[in-house]
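Q: Residue strings, one per chain:
Number of protein chains: 2
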Amino acid sequence: MVDLSQIRVAAERIAPYVHRTPVLTSHSLNAMFQAELYFKAENLQKVGAFKARGAVNAVMQLSEADAARGVATHSSGNHAQALAYAASLRSIPCTIVMPENSPQVKVAATRGYGADIVFCESTLQARETTLNAVLERTGATMIHPYDNDHVIAGQGTAALELLEERPELDVIMAPVGGGGLMSGTSIAARSLKPSITIIGAEPEEADDAARGLRSGTLLPPKPPTTIADGLRTALSRRTFDYLTANGVRMETCSEASIRRGLRLIMERVKTVIEPSAAVTIGVLLDHPDLVRGQRVGIILCGGNLDLEQAAGA
Amino acid sequence: MVDLSQIRVAAERIAPYVHRTPVLTSHSLNAMFQAELYFKAENLQKVGAFKARGAVNAVMQLSEADAARGVATHSSGNHAQALAYAASLRSIPCTIVMPENSPQVKVAATRGYGADIVFCESTLQARETTLNAVLERTGATMIHPYDNDHVIAGQGTAALELLEERPELDVIMAPVGGGGLMSGTSIAARSLKPSITIIGAEPEEADDAARGLRSGTLLPPKPPTTIADGLRTALSRRTFDYLTANGVRMETCSEASIRRGLRLIMERVKTVIEPSAAVTIGVLLDHPDLVRGQRVGIILCGGNLDLEQAAGA
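Chains as they are written, first to last, in my numbering: chain A, 1 to 313; chain B, 1001 to 1313.
Don't read these hints as lab results, they were simulated from the structure.
Even for Gly, the Cβ is constructed at its ideal location relative to N, Cα and C.
You may find that some hints are simply not true.
Claimed, not checked - What follows is a list of derived Cβ distance ranges for each label pair:
id, chain 1, residue 1, chain 2, residue 2, range
1, A, PHE119, B, GLN1294, 39 to 45 angstroms
2, B, ALA1108, A, ASP66, 55 to 61 angstroms
3, A, SER91, B, ALA1256, 36 to 42 angstroms
4, B, PRO1194, A, LYS193, 50 to 56 angstroms
Hey, can you work out the whole structure from these sequences and the hints?
A: What follows is the structure in structure tokens.
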């Protein structure tokens, strides 16, 4: 089980390789939401997302022998770049299994960190079969994007930094996809400040965690229709248990509010975020009384935006 | 004539009302351009543009009697919001003449600072006639967006801050529209560091300053075709003379490179800029040897982006 002490150790371990990201504010958003909002800008993190924290923490703990055989995962998202970045720091092999229809820009970015890309069909089964073949062939260590305690401890360092800088927070919010960020966030926040309200944000179109935590059951992912592509995955048993144990309250929002939240952050905070990072703002738009009058930390999880998405938003 | 001492006084005068903006960097852009780039983030300035500096500096120097009658200008761009913001600081009347086809978002933002908007036809003649009627009726002081020494001294404070923070710069770059920003930038930079190279960036589609400075003649604006809408105006005699006196070297770039520059800044620096702020990067793209191996300060002039523009870019 990950606890605060492991998150503190992770923070020291990864400090030379990741940014201590700034906390941004906006007078106009504070006025609009009648709250004090503090945005932890993980969009400005290495590889453009908090994922660098967890991947670096996991890769840095591999033994020399394991490291020499490399690491692998399947991902077309930010974890692919994060793992490639982490592997490059130790100059070890990294293989990423990606669906053949992955955006060219993501393929190029991952290759830019020196990873080998193995393409497969875009079904989950094809990804897993292909990854298993890679693991068998290379002896590489699989680094899961969220179902991994080292990864979760690394992701928790963002909330640790935010609460060190803003200990007066009443509320902390983060989006929930597979639950790695929220597992780490909720462990850190609940330990540092037992009274804090922890709110997980999900699209209505991908509300497996919200429904699952409410009913006490681990639910499968919904069809991937939401624009928040980082949140299309479902919780694992591990992350479900962390969220439950730390009293995470889930709230959802409409796709229209995600799009409006994306525009609000870009226009008022002038910082580039991806749709998954706008879901917290979407929740505030759809639930105007939720945090009124409170001091709210919000983790902006990533900034790898397809600009066409912003225009459609 | 504006000199460095007036820019220093302006910096003190406006300090309580504007941000000292951060200087941003990007490893990947440095690698791409084989130079050290330092981005002065005036997109994060009050009202989202450097224009707040000059407008505040001008409005703060009005006598009580003049201030009581208010200020006015014609603008559909960032100067409108900047002047409205400056007037709000002294709680004095502000009238902005805007073409009736101005984007609703700009109208709302300007009104948000408490300015009165007077609409007119979109010709330059209609704007001037309408503004003159406002000035006659109200006795307000006209604050020109760039043909005004107080405004120019205020705009120079961005370069002053940048060179205080990065005195080792070999080159300083800024876009050129009416030339207010570049007048202040070139006065500050040439005085602080006589050896510095000062590069003004213009779209090929709006290259009146580049052709004019080359031929020693003040030229009229070209038809407003460039996406960099802040740079569609031409130099005035005053700004032409400042640019000439301070040895500003003009360089131009294609519309395609402006669009590519916009995407590069958004994707790599994760900060939201408007097309006018991308013209400096466009120049670097079109002239790859221009600053190779050098330390280059680049003023990102504003961040009031229409997200549809970013997608088309």
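Q: Hints first: check each against the structure and report whether it holds.
A: Status of the hints after comparison with the structure:
{"no.": "1", "hint": "A/PHE119 - B/GLN1294: 39 to 45 angstroms", "in the structure": "holds (41 angstroms)"}
{"no.": "2", "hint": "B/ALA1108 - A/ASP66: 55 to 61 angstroms", "in the structure": "holds (58 angstroms)"}
{"no.": "3", "hint": "A/SER91 - B/ALA1256: 36 to 42 angstroms", "in the structure": "holds (38 angstroms)"}
{"no.": "4", "hint": "B/PRO1194 - A/LYS193: 50 to 56 angstroms", "in the structure": "holds (55 angstroms)"}
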